[in-house]
Amino acid sequence: MKYLLALDIGTTAVKGALFDRGGGILAESLREYDLLKPAPDWVELDCDAYWRAVIAVTGHVLKTSGVPPEAIASIGVTSQGETLIVLDRAGRPLRRAIVWLDNRTQAEADAIGRVFDRDDVYRVTGQQEIIPSWTATRILWLKKHEPDVVARAHKFMLAADYIVFKLTGRAATNRALNPSTLYYDIARRDWWPEMLSFLGISRDRMPDLVDSVDRAGAVTAEAAAATGLAAGTPVTAAPIDQVAAAVGAGNIEPGLVTENTGAALALCVCLDKPLYDPRKRLGLYEHAVAGRYVLLPWVPTAGMVLRWFRDDFGGGLDYPALCREAESVAPGADGLTMLPHLGGAGCPEVDPKARGVFSGITLGHRRGHFVRAIMESVAFILRGNLDLLAELGVGVRELRSLGGAARSDFWVQIKADVCRKTIRVMESEEATCRGTAMLSGAATGMFSGLPEARDAMVRVKKAFEPDPGRASAYDEAYRRYCALNSSMKTAW
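If you're matching positions, the sequence shown starts at 0 in numbering that gives the first Met the number 0 and goes up one per residue.
Since the hints were made in silico from the structure, they are not lab data. Bear in mind that the values here come from a model prediction, so they are computed numbers and not experimental data. Fair warning: there could be bad hints in the mix.
For lysine-lysine, the following DSS-like pairs were computed, each having C-alpha atoms within a straight-line distance of at most 30 angstroms [as the list claims (entries may be wrong)]:
| # | residue 1 | residue 2 |
| --- | --- | --- |
| 1 | LYS143 | LYS62 |
| 2 | LYS1 | LYS460 |
| 3 | LYS143 | LYS36 |
Construct the entire structure; sequences and hints are all you get.
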């Protein structure tokens, strides 16, 4: 029997999972690393921390599963986007990675905005804003502040690319990982020459562009000695982590939407053609499926709001206990409304100045009311994004729920009632590694294609139907939420 290994190069940890052909998980492993913050707005990481974590994860997975390395059919690698890694000609990092959370490059984002029309940037890259998160701003910052690094640079790459390089010796990147670099042309599916020229970077200093159906390379003898993997094992480069997670939930056809409520809230909307929002509220990305695209509405604070409340006001109770208190409260939390913008407001109404609010507090409100108001507020944001999709003519046939919040039947039911949509929860919440493994299996012949991989590896555990009575109560609560959100804009 052959198996699939997936590696997710996350912001604070590397996760690995080993799957059989039927989607069963034989072993999982997680290795964390500490982000470095040497100055305000700076977020960096020693590049070797990624590789050390991969070595630890693969070793643990092989040991606990008992699977011989030769039985691994292929290895897929995904990561967050935007994190910049710069290598010299010998393949050595020239400096620490500049992590996607880093916000030092506002001046560089402004400089790009003075040269490139925002409409042109949106049309070419799919990114509706020019912000410090995008990788191009980091290269521009290096040119000004660390010109020696740029002069010696042989390759500019992202986090997943670095691990693919360490495994195979080839600098290769998935096209669907790169739209938010701001130097990738989503329509031409190639590097954007005008932006590269502005940055002063020739295209030969970029990794090779590959698709999800391609093999990026094979494990080298050196990488095999370090990781315990078998030399010659095929390696594939996967799309950005949110797209990989959507694939892991079976979201490969238009009409499907996945919502992932972890610390943040992220939606992934599958499209059969590019869609540009006239009001520039949504970014456009490539799907793993050739010829398809995704919208990725995103909200910075969702599940982390409930964690904040638990840690500071929960009185030592865990999530299940807090949920039981919230379940005793009527829909609408007896008039208590929350805006969960503790880190600014995300889609559908982006406003980094927005802040969190509890409104309508009375002496009759107890802790359970506040917990329910928090959970309802995340559901209201989800509904707002679904309303935005409807406004743009995007039909939502099915909604699937991922992330830590999907473990709470109570929270998923709130979302179903608020949105008046059936929501399906997957049998396994581990979607990012699963999607990465599915893509790798399809690319290397274990499956005839992604539909077969989906049928073999993705299973729905439970469906939550909206309750008409509760849905009506939530309609009024949602109107109250929208009115509060609108009225607070002048106060931020």
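Going down the list of hints, with the structure as the test:
no.	hint	in the structure
1	LYS143 to LYS62	violated (47 angstroms)
2	LYS1 to LYS460	holds (25 angstroms)
3	LYS143 to LYS36	holds (20 angstroms)
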